[in-house]
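Colleague: When you get a sec, could you build the whole thing from the sequences and use the hints?
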Amino acid sequence: MIEQPLIVFLNTNGVIFLVLLVLGFLYSRKSDREVFWHAFFVTTVTLIVSVLLKELFARPRPFEVQMVEPDAGLALLSSFPSAHAGLAFAISTTVALHRRRLGIFLLVLSALIALGRVAASVHYPSDIAFGALIGVTVALFFDTMHAKRRKLRS
Amino acid sequence: MTKKVYKTIRPYLYLIPVVFLFAMGVLWRTTIETTTVAASPSACETNDYSGIIDPSGRLGYWSGSQVTVPTEVLATENDATAVLGMAEPSERWIEVDLSDQRLRAWDGGTLYLETPVSSGLPGTPTPTGEFRIWMKIRATKMEGGEGRYYYNLPNVPYVMFFSNEDVAAGLGYGLHGTYWHSDFGTQRSHGCVNLPTPIAKTLYEWVTPVLTEGQRIVRASEENPGTRIVIHD
Chain A
1 MIEQPLIVFL NTNGVIFLVL LVLGFLYSRK SDREVFWHAF FVTTVTLIVS
51 VLLKELFARP RPFEVQMVEP DAGLALLSSF PSAHAGLAFA ISTTVALHRR
101 RLGIFLLVLS ALIALGRVAA SVHYPSDIAF GALIGVTVAL FFDTMHAKRR
151 KLRS
Chain B
1001 MTKKVYKTIR PYLYLIPVVF LFAMGVLWRT TIETTTVAAS PSACETNDYS
1051 GIIDPSGRLG YWSGSQVTVP TEVLATENDA TAVLGMAEPS ERWIEVDLSD
1101 QRLRAWDGGT LYLETPVSSG LPGTPTPTGE FRIWMKIRAT KMEGGEGRYY
1151 YNLPNVPYVM FFSNEDVAAG LGYGLHGTYW HSDFGTQRSH GCVNLPTPIA
1201 KTLYEWVTPV LTEGQRIVRA SEENPGTRIV IHD
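So the sequences go chain by chain: A and B. For the first sequence, counting from 1, position 53 maps to 53 in this note's numbering; every step adds exactly one. Basically this note's numbering = 1-based index in the second sequence + 1000.
I should point out that these hints are in silico values taken from the structure, not numbers from a laboratory. In this text, all values refer to a predicted model and were calculated from it rather than measured experimentally. Please note that the accuracy of each hint is not assured.
Unchecked claim - In silico SDA-like cross-links for lysine to any residue, where the CA-CA straight-line distance does not exceed 25 angstroms:
{"hint": "1", "chain 1": "B", "residue 1": "Lys-1003", "chain 2": "A", "residue 2": "Thr-144"}
{"hint": "2", "chain 1": "A", "residue 1": "Lys-30", "chain 2": "A", "residue 2": "Ile-16"}
{"hint": "3", "chain 1": "B", "residue 1": "Lys-1007", "chain 2": "A", "residue 2": "Met-145"}
{"hint": "4", "chain 1": "A", "residue 1": "Lys-30", "chain 2": "A", "residue 2": "Leu-97"}
{"hint": "5", "chain 1": "B", "residue 1": "Lys-1201", "chain 2": "B", "residue 2": "Ser-1221"}
{"hint": "6", "chain 1": "B", "residue 1": "Lys-1004", "chain 2": "A", "residue 2": "Leu-97"}
{"hint": "7", "chain 1": "A", "residue 1": "Lys-30", "chain 2": "A", "residue 2": "Asp-143"}
{"hint": "8", "chain 1": "B", "residue 1": "Lys-1141", "chain 2": "B", "residue 2": "Pro-1198"}
{"hint": "9", "chain 1": "B", "residue 1": "Lys-1141", "chain 2": "A", "residue 2": "Asp-143"}
{"hint": "10", "chain 1": "B", "residue 1": "Lys-1141", "chain 2": "B", "residue 2": "Ser-1056"}
{"hint": "11", "chain 1": "B", "residue 1": "Lys-1141", "chain 2": "A", "residue 2": "Gln-66"}
{"hint": "12", "chain 1": "B", "residue 1": "Lys-1007", "chain 2": "A", "residue 2": "His-146"}
{"hint": "13", "chain 1": "B", "residue 1": "Lys-1004", "chain 2": "A", "residue 2": "Asp-143"}
{"hint": "14", "chain 1": "B", "residue 1": "Lys-1201", "chain 2": "B", "residue 2": "Asp-1054"}
{"hint": "15", "chain 1": "B", "residue 1": "Lys-1007", "chain 2": "A", "residue 2": "Leu-97"}
{"hint": "16", "chain 1": "B", "residue 1": "Lys-1141", "chain 2": "B", "residue 2": "Asp-1100"}
{"hint": "17", "chain 1": "B", "residue 1": "Lys-1007", "chain 2": "A", "residue 2": "Val-45"}
{"hint": "18", "chain 1": "B", "residue 1": "Lys-1141", "chain 2": "A", "residue 2": "Met-145"}
{"hint": "19", "chain 1": "B", "residue 1": "Lys-1007", "chain 2": "A", "residue 2": "Ala-96"}
{"hint": "20", "chain 1": "B", "residue 1": "Lys-1201", "chain 2": "B", "residue 2": "Leu-1121"}
{"hint": "21", "chain 1": "B", "residue 1": "Lys-1003", "chain 2": "A", "residue 2": "His-146"}
{"hint": "22", "chain 1": "B", "residue 1": "Lys-1007", "chain 2": "A", "residue 2": "His-98"}
{"hint": "23", "chain 1": "B", "residue 1": "Lys-1141", "chain 2": "A", "residue 2": "Pro-62"}
{"hint": "24", "chain 1": "B", "residue 1": "Lys-1004", "chain 2": "A", "residue 2": "His-146"}
{"hint": "25", "chain 1": "B", "residue 1": "Lys-1141", "chain 2": "B", "residue 2": "Ser-1221"}
{"hint": "26", "chain 1": "B", "residue 1": "Lys-1007", "chain 2": "A", "residue 2": "Leu-133"}
{"hint": "27", "chain 1": "B", "residue 1": "Lys-1141", "chain 2": "B", "residue 2": "Gln-1215"}
{"hint": "28", "chain 1": "B", "residue 1": "Lys-1201", "chain 2": "B", "residue 2": "His-1232"}
{"hint": "29", "chain 1": "B", "residue 1": "Lys-1003", "chain 2": "A", "residue 2": "Asp-143"}
{"hint": "30", "chain 1": "B", "residue 1": "Lys-1003", "chain 2": "A", "residue 2": "Met-145"}
{"hint": "31", "chain 1": "B", "residue 1": "Lys-1007", "chain 2": "A", "residue 2": "Phe-41"}
{"hint": "32", "chain 1": "B", "residue 1": "Lys-1007", "chain 2": "B", "residue 2": "Asp-1054"}
{"hint": "33", "chain 1": "B", "residue 1": "Lys-1141", "chain 2": "A", "residue 2": "Val-68"}
{"hint": "34", "chain 1": "B", "residue 1": "Lys-1141", "chain 2": "A", "residue 2": "Ile-16"}
{"hint": "35", "chain 1": "B", "residue 1": "Lys-1003", "chain 2": "A", "residue 2": "Leu-97"}
{"hint": "36", "chain 1": "B", "residue 1": "Lys-1141", "chain 2": "B", "residue 2": "Val-1026"}
{"hint": "37", "chain 1": "B", "residue 1": "Lys-1141", "chain 2": "B", "residue 2": "Leu-1171"}
Modeller: Structure follows, in C-alpha cells:
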C-alpha cells in the first residue's frame, strides 16, 4: 500500500507529463524538429497498438484478482500490455537514438514509471515487459524509416 | 541484390514482434470466447463451504468492473431461522420462469412469494428441468470465468444449490442473493439464478433442508430433503 498521494499521482499521470514535456522540449528546438516528428508518430502508434492489444487480451488487473485497492488510476482497460510502459519506453528509445545522454536518463525514468505501476498493483511484470517491447520496437521501426537523415549526437 | 532486398525489408522486420503479439491476441481472444461459451457448465464456482462471512472480502469483480460488497451483507450475522408455512415443508416448491425472468414460491397450491430474478446469459444458460436443493449455505465466495467474463465475488449471501440426475451438484448451479447488480428481470448471471438479497433471505429460511439454530451450512439428506425447484422456459 502506498500512502503518499504524490506517488499515486505520479504512478497515474507521470507518463502523460513525461510524453508532453519531451514532445514540447523537442518541438521548441529547431534542430530537434525531426526528432519531434519521430517521437510524435512513435507515441501515437504505440498508444493505438497497446490499446488494441488490451482489448484483445482482456486480462484482468492484478488488483481485481487479488481483491485489493489499486494505488494508481488510469486502470480501466485490461491489463495486458501496459500502455504506460509502452509510451514511456517508446519516447525514451526515440530520444536515445538521437541524443544519447538525455535518452538514457529518460529510459531510467521509464523503468521507474513501469515499476511504479507494478508496485501500485495495476500491472503484472509481464504486462510491463511486453509494453516496453512494443514501445521499443515501434521506435526502432520509425527510426529505420529515416535512418539516413538522422545524426547521432551525445 | 540480396543486400538491396534486405535494406528495403529491414524496417519491417521490427514489426515482427508487434504482429506476433497481435496474432497471439487474436488466438487468445478466440480461445476465451469459445471456451466461456462451450465449456462453462460450472456456473457459480465455489470451493468455500464454511458458510462464514469473511469480513476482509469487501471488494468483488464482476463483468469487467470492480464492485464493493455492501456493509449490510457483511454486517448481518448468522440470522437464519426456519419459517413455518401453511403447508408441510414437503409441499413447498419453487418455480422459475426463464422467459418471464420471474420466480414463484408455492406453498402447496397458494403463492407464497413472487419476484423478478436474473438467470443465466445466453452464453451461460440456467439449466431447465426439475431439481432439488442439495445444499444451503449462508455465504460463500464465487470465482470463475476468464478474461472479461472473470468474476470474483466474496460473501455471496444465502446460497441454495440445486441439482438433479442430469445436472450434477458439483457444477454449482443455485439460487442466491445478489449485491453486484439490481437488474432483476433481465438475464445477467453465469448460470445461477440471482435474487434480490432480502428475497434470497426469505427463501433461504423457507426452503428445506431445515437449518438448525446457528448452522451456516446444511446438506440435504433422506431425513432432511431439499425443496423441489422447477425451472422452465
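Colleague: Are the hints correct? Go through all of them and say.
Modeller: Okay, the hints, checked on the actual structure:
| no. | hint | verdict |
| --- | --- | --- |
| 1 | B/Lys-1003 - A/Thr-144 | 15 angstroms, holds |
| 2 | A/Lys-30 - A/Ile-16 | 23 angstroms, holds |
| 3 | B/Lys-1007 - A/Met-145 | 11 angstroms, holds |
| 4 | A/Lys-30 - A/Leu-97 | 18 angstroms, holds |
| 5 | B/Lys-1201 - B/Ser-1221 | 22 angstroms, holds |
| 6 | B/Lys-1004 - A/Leu-97 | 24 angstroms, holds |
| 7 | A/Lys-30 - A/Asp-143 | 19 angstroms, holds |
| 8 | B/Lys-1141 - B/Pro-1198 | 19 angstroms, holds |
| 9 | B/Lys-1141 - A/Asp-143 | 51 angstroms, violated |
| 10 | B/Lys-1141 - B/Ser-1056 | 12 angstroms, holds |
| 11 | B/Lys-1141 - A/Gln-66 | 13 angstroms, holds |
| 12 | B/Lys-1007 - A/His-146 | 13 angstroms, holds |
| 13 | B/Lys-1004 - A/Asp-143 | 18 angstroms, holds |
| 14 | B/Lys-1201 - B/Asp-1054 | 18 angstroms, holds |
| 15 | B/Lys-1007 - A/Leu-97 | 19 angstroms, holds |
| 16 | B/Lys-1141 - B/Asp-1100 | 28 angstroms, violated |
| 17 | B/Lys-1007 - A/Val-45 | 23 angstroms, holds |
| 18 | B/Lys-1141 - A/Met-145 | 54 angstroms, violated |
| 19 | B/Lys-1007 - A/Ala-96 | 23 angstroms, holds |
| 20 | B/Lys-1201 - B/Leu-1121 | 24 angstroms, holds |
| 21 | B/Lys-1003 - A/His-146 | 18 angstroms, holds |
| 22 | B/Lys-1007 - A/His-98 | 21 angstroms, holds |
| 23 | B/Lys-1141 - A/Pro-62 | 18 angstroms, holds |
| 24 | B/Lys-1004 - A/His-146 | 17 angstroms, holds |
| 25 | B/Lys-1141 - B/Ser-1221 | 24 angstroms, holds |
| 26 | B/Lys-1007 - A/Leu-133 | 23 angstroms, holds |
| 27 | B/Lys-1141 - B/Gln-1215 | 18 angstroms, holds |
| 28 | B/Lys-1201 - B/His-1232 | 23 angstroms, holds |
| 29 | B/Lys-1003 - A/Asp-143 | 19 angstroms, holds |
| 30 | B/Lys-1003 - A/Met-145 | 17 angstroms, holds |
| 31 | B/Lys-1007 - A/Phe-41 | 22 angstroms, holds |
| 32 | B/Lys-1007 - B/Asp-1054 | 63 angstroms, violated |
| 33 | B/Lys-1141 - A/Val-68 | 15 angstroms, holds |
| 34 | B/Lys-1141 - A/Ile-16 | 38 angstroms, violated |
| 35 | B/Lys-1003 - A/Leu-97 | 24 angstroms, holds |
| 36 | B/Lys-1141 - B/Val-1026 | 31 angstroms, violated |
| 37 | B/Lys-1141 - B/Leu-1171 | 15 angstroms, holds |
Checked against the numbered hints given earlier, this structure breaks hints 9, 16, 18, 32, 34, 36; the rest are met.
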